[in-house]
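Peer 1: Residue-level listing of the chains:
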Amino acid sequence: MAGTKGYKIATLGSHTALQILKGAKDEGFQTICVATSDRVSLYNRFKFIDKLYEISLFSDFPKIEEKLIKDKAIVIPHGSFVAYLGIENNKKMKVGYFGNKKVLDWESDRVKQRKWMQEANVPVPKRFKKGDKIDRPVIVKSYGASGGHGYFFAKNQKEFETRIKNFKARDFIVQEYVIGVPLYIHYFYSPLTKTLEILSIDKRYETNVDSLGRIPSQNQQGLGIEPSFVVVGNSPLALRESLLAEAFQMGERVVATSQELMDGGIWGPFCLETIITPEQKFSIIEISCRIVAGTNLFVNGSPYASLYYDKEVSTGRRIAMEIKEAIRTNKLKKILN
Amino acid sequence: MAGTKGYKIATLGSHTALQILKGAKDEGFQTICVATSDRVSLYNRFKFIDKLYEISLFSDFPKIEEKLIKDKAIVIPHGSFVAYLGIENNKKMKVGYFGNKKVLDWESDRVKQRKWMQEANVPVPKRFKKGDKIDRPVIVKSYGASGGHGYFFAKNQKEFETRIKNFKARDFIVQEYVIGVPLYIHYFYSPLTKTLEILSIDKRYETNVDSLGRIPSQNQQGLGIEPSFVVVGNSPLALRESLLAEAFQMGERVVATSQELMDGGIWGPFCLETIITPEQKFSIIEISCRIVAGTNLFVNGSPYASLYYDKEVSTGRRIAMEIKEAIRTNKLKKILN
Amino acid sequence: MAGTKGYKIATLGSHTALQILKGAKDEGFQTICVATSDRVSLYNRFKFIDKLYEISLFSDFPKIEEKLIKDKAIVIPHGSFVAYLGIENNKKMKVGYFGNKKVLDWESDRVKQRKWMQEANVPVPKRFKKGDKIDRPVIVKSYGASGGHGYFFAKNQKEFETRIKNFKARDFIVQEYVIGVPLYIHYFYSPLTKTLEILSIDKRYETNVDSLGRIPSQNQQGLGIEPSFVVVGNSPLALRESLLAEAFQMGERVVATSQELMDGGIWGPFCLETIITPEQKFSIIEISCRIVAGTNLFVNGSPYASLYYDKEVSTGRRIAMEIKEAIRTNKLKKILN
Numbered sequence: 015m016a017g018t019k020g021y022k023i024a025t026l027g028s029h030t031a032l033q034i035l036k037g038a039k040d041e042g043f044q045t046i047c048v049a050t051s052d053r054v055s056l057y058n059r060f061k062f063i064d065k066l067y068e069i070s071l072f073s074d075f076p077k078i079e080e081k082l083i084k085d086k087a088i089v090i091p092h093g094s095f096v097a098y099l100g101i102e103n104n105k106k107m108k109v110g111y112f113g114n115k116k117v118l119d120w121e122s123d124r125v126k127q128r129k130w131m132q133e134a135n136v137p138v139p140k141r142f143k144k145g146d147k148i149d150r151p152v153i154v155k156s157y158g159a160s161g162g163h164g165y166f167f168a169k170n171q172k173e174f175e176t177r178i179k180n181f182k183a184r185d186f187i188v189q190e191y192v193i194g195v196p197l198y199i200h201y202f203y204s205p206l207t208k209t210l211e212i213l214s215i216d217k218r219y220e221t222n223v224d225s226l227g228r229i230p231s232q233n234q235q236g237l238g239i240e241p242s243f244v245v246v247g248n249s250p251l252a253l254r255e256s257l258l259a260e261a262f263q264m265g266e267r268v269v270a271t272s273q274e275l276m277d278g279g280i281w282g283p284f285c286l287e288t289i290i291t292p293e294q295k296f297s298i299i300e301i302s303c304r305i306v307a308g309t310n311l312f313v314n315g316s317p318y319a320s321l322y323y324d325k326e327v328s329t330g331r332r333i334a335m336e337i338k339e340a341i342r343t344n345k346l347k348k349i350l351n
Numbered sequence: 015m016a017g018t019k020g021y022k023i024a025t026l027g028s029h030t031a032l033q034i035l036k037g038a039k040d041e042g043f044q045t046i047c048v049a050t051s052d053r054v055s056l057y058n059r060f061k062f063i064d065k066l067y068e069i070s071l072f073s074d075f076p077k078i079e080e081k082l083i084k085d086k087a088i089v090i091p092h093g094s095f096v097a098y099l100g101i102e103n104n105k106k107m108k109v110g111y112f113g114n115k116k117v118l119d120w121e122s123d124r125v126k127q128r129k130w131m132q133e134a135n136v137p138v139p140k141r142f143k144k145g146d147k148i149d150r151p152v153i154v155k156s157y158g159a160s161g162g163h164g165y166f167f168a169k170n171q172k173e174f175e176t177r178i179k180n181f182k183a184r185d186f187i188v189q190e191y192v193i194g195v196p197l198y199i200h201y202f203y204s205p206l207t208k209t210l211e212i213l214s215i216d217k218r219y220e221t222n223v224d225s226l227g228r229i230p231s232q233n234q235q236g237l238g239i240e241p242s243f244v245v246v247g248n249s250p251l252a253l254r255e256s257l258l259a260e261a262f263q264m265g266e267r268v269v270a271t272s273q274e275l276m277d278g279g280i281w282g283p284f285c286l287e288t289i290i291t292p293e294q295k296f297s298i299i300e301i302s303c304r305i306v307a308g309t310n311l312f313v314n315g316s317p318y319a320s321l322y323y324d325k326e327v328s329t330g331r332r333i334a335m336e337i338k339e340a341i342r343t344n345k346l347k348k349i350l351n
Numbered sequence: 015m016a017g018t019k020g021y022k023i024a025t026l027g028s029h030t031a032l033q034i035l036k037g038a039k040d041e042g043f044q045t046i047c048v049a050t051s052d053r054v055s056l057y058n059r060f061k062f063i064d065k066l067y068e069i070s071l072f073s074d075f076p077k078i079e080e081k082l083i084k085d086k087a088i089v090i091p092h093g094s095f096v097a098y099l100g101i102e103n104n105k106k107m108k109v110g111y112f113g114n115k116k117v118l119d120w121e122s123d124r125v126k127q128r129k130w131m132q133e134a135n136v137p138v139p140k141r142f143k144k145g146d147k148i149d150r151p152v153i154v155k156s157y158g159a160s161g162g163h164g165y166f167f168a169k170n171q172k173e174f175e176t177r178i179k180n181f182k183a184r185d186f187i188v189q190e191y192v193i194g195v196p197l198y199i200h201y202f203y204s205p206l207t208k209t210l211e212i213l214s215i216d217k218r219y220e221t222n223v224d225s226l227g228r229i230p231s232q233n234q235q236g237l238g239i240e241p242s243f244v245v246v247g248n249s250p251l252a253l254r255e256s257l258l259a260e261a262f263q264m265g266e267r268v269v270a271t272s273q274e275l276m277d278g279g280i281w282g283p284f285c286l287e288t289i290i291t292p293e294q295k296f297s298i299i300e301i302s303c304r305i306v307a308g309t310n311l312f313v314n315g316s317p318y319a320s321l322y323y324d325k326e327v328s329t330g331r332r333i334a335m336e337i338k339e340a341i342r343t344n345k346l347k348k349i350l351n
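Residue numbers (our numbering), protein chains in the order written: chain A, 15 to 351; chain B, 15 to 351; chain C, 15 to 351.
The shape of chain A in the complex, shown without the other chains:
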């Protein structure tokens, strides 16, 4: 416990909170979960959570911020932070916040995110501008689509024109539909050691598309099912070792480019959402600039993390290890903001 110098690890009760707080506890930190009333019963079940602050709505987070500051809490953001608090409220936080807030604008703006990936020489799907002839299958996504709604497919110009008429989103992108298998790579970049790790790999479990294949083609026809991509879980994967070199290099280019584009660059966990084509080429659909839910599969370790560590290291625990090292070397300012 001495190694933590009284700092505590806190997060919102959602997304990857269990993993983050379990990992923090394993590294000797006291832990705090900020949970909405409907989730209190969930987080109360776990002994590794030392304090539970109840709020009515996630947006009430600012109300307990002073308490967190008094607690010497360090907040670990995850997917629910931007989803429920919005970027501005993340930026305004005065409590210690792990990760670079300057990354938030680059991640949330599709144009900026694409510029980042392209400058990093990371392969991205072709994007169609208004008026471009659609010469291949496309996926049309509404801006800020979350949780898998707000998509449609079109296999050509004609189908695109028919379906766009019924699409409610005002802002959307039209993107090449890359045919291949999805694979999500969970990275961790340490600003203290300047090294990048791949900690684990998953694919999402999406309803209903991940059950469609179980319905024979002839039965699908009549059911008139519309595919949906709502993520409700994850399953583990290993990546072909010959693709691992490229996976590391892509991650390193993403980090290096971020250091040029935004002051300080990205650090901590991030995820590249890839499609791998039959030519064994990655196509990067999106970057998530924080811990992703797929890491929840690896609370008790992963085949990749065990290449670096002789203990069970989840991404949540890896974050706590980084914070502990920063405390030990008096570099906490370097990793918080």
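You can't tell identical chains apart in this list, so a pair holds if it fits in one copy or across any two.
Each computed DSS-like pair below joins lysine-lysine, with the alpha-carbon atoms no more than 27 Å apart:
| no. | residue 1 | residue 2 |
| --- | --- | --- |
| 1 | K86 | K19 |
| 2 | K129 | K147 |
| 3 | K325 | K65 |
| 4 | K61 | K325 |
| 5 | K208 | K65 |
| 6 | K39 | K208 |
Simulated from the structure, these hints should not be mistaken for lab results.
Starting from the known structure of chain A, arrange chains B and C on it as the hints suggest.
Peer 2: Chains B and C only, in chain A's frame:
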């Protein structure tokens, strides 16, 4: 070993026997496997099995029961107990039996099981009675269908009428076909501490439906493949954390309702077989009132079990831990019958 | 370290090198990775690799062989050894080589491999000879097809005749297309203890076929996607326990038959690539006579390995354990050649 006071853990050589006996051994128990002749070679391979009683047929189990009683054996039932011995022979057992035998009738009778789930306010698929108009896709299952045979799909009234003519089962149910992804939640309820744990999560690996998606639609057409749902394996999953609160609450309502409906209620391991829809709603297809085969993925721990325990706890090992605690606190009668 | 008597474990930087060298390190061996220039950056990341020998091309391996011999290196072959060096260069190696080189000819020749499986009474798909009437769905594979290219399907004689015209391969086989789910069993046979273990089980993750099911049937039609089977990853499975007895027995028959067919027989890791049909019958598509990439999922242990060992044993580590035991008992000659 002292903690076990000479009690031994025994089970039939099938289903989850390796996990159960390995977990028992890890907790310090002597172990007994009762195996049919064709399986002796399998169970002889493992050092954590201390004794192997050979029988010709599973139905010969009563012949070695006296020996088990002399051994101070506690029997852990799994899926093969009801499948091979039948409910009545389970009830008649005089050897110590982990779990509540009163649950057997409620589980095996589809009407009673549905009543249980509905009183527990657990969402179940719509059921069609004879003469009801079929206004959505349905799955038709024969009573007591085991191992995945005895099913058919119909997308509407007309298709139902055509296919029911060739269906051999006398007794069957007609149930809404819920479109979404399957996910099996492995619970453990401790009657000693009155707490419910989620120990792991899986999906089944079913032949041939889990390979259909790999055959392009145009090829499927001509092959005329009939889907089958025979479970031959399992694969691991993590559940979206925001659905975990509901998963725990459903489990707790199932336990609480069982205590009203049957003397003592359900304890030990059970599994809710769910479908998750694109609206992120659970639909419960079935309850299994004992250890399920999906837990075999987690002999060396799971991301969920590690939230409670600092060792590798499978469901099999969790059972042994409960028995050991009951021995220590002189409450063995509370958990056996 | 004393237990290793100065022997080092070496392999080519590819395929399962990380697992093999990590496992060797865990058992106390010094480790050597022989990597091509483009992979040096990958293998330099890992502390468990003690030495890294850089070569320009895999085919330059003979150039550093003398160095390996001076190092007292024992080479662990994996999938890239035959793929990149060819059988003859494997046979010519003078450095200590784990596994029986006599197996290479039997594995690489489809006729011999089939004879081996059939004499072992292992079920294999029906094979059609030139002129045979094709009375069921078939898969047509070019000889030496690697990485998943060079396949096509035909559902009957007519479709076969149409598609064979555009097939570029000169040598090919026409094989029954078995409808069921794929499952890969990772065996390890110890020539020291004469026992067979099942260490883990996976299925492959293949682009694009493993994403086809996520595209609704009506959308597939227009896209005109040709299925491809390029392995880019793996995902873990558990096998139904009632099929485990047969899985062990098949493995043992394969080992026993190999001892009749080739001097010394097969030892160390091998994999049976199976399809399991709805009748719960295995059909064996291929044997791989060495460590397979699917074992990379289990660097930190597997539910099967933990039935034998109280530590995290991957196939890579299991190999190192066997070598260490051979060193201890002065039987290294028995397992190298």
